[in-house]
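To convert, note that position 24 of the sequence shown is 24 in our numbering; the numbers rise steadily by one, no gaps.
For the record, the hints were derived by calculation from the structure and aren't laboratory data.
Here a beta-carbon is modelled for each residue, glycine too, at the ideal position from N, C-alpha and C.
One should not assume that every hint holds.
Using C-beta positions, here's what the derived DEER-type ranges look like [what the hints assert, rightly or not]:
id	residue 1	residue 2	range
1	12	51	32 to 42 Å
2	54	11	28 to 38 Å
3	22	44	26 to 36 Å
4	51	25	55 to 65 Å
5	3	46	50 to 60 Å
6	18	54	25 to 35 Å
7	31	4	51 to 61 Å
8	10	48	48 to 58 Å
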Amino acid sequence: MQVTQEDGGRLNAFAKEPRMEVMDASASRSNGSRLLILGGAVLVLSLMAISAAIS
Numbered sequence: 001m002q003v004t005q006e007d008g009g010r011l012n013a014f015a016k017e018p019r020m021e022v023m024d025a026s027a028s029r030s031n032g033s034r035l036l037i038l039g040g041a042v043l044v045l046s047l048m049a050i051s052a053a054i055s
């Protein structure tokens, strides 16, 4: 951990930042992301149907 000292004598500790992970195009089209998008679409459509049925 990197520590610096200010003019007033206070110490600031900076955490080590994690490395960035670069994703390729095939990883963004995995089954998990497709399932999440499909689940979100089903949730939105079901909420729209419920609100239409109530009103």
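TODO: Could you tell me which of the numbered hints above are not met by this structure, giving the numbers in increasing order?
DONE: Result: hints 1, 2, 4, 6, 7 break, sorted rising.
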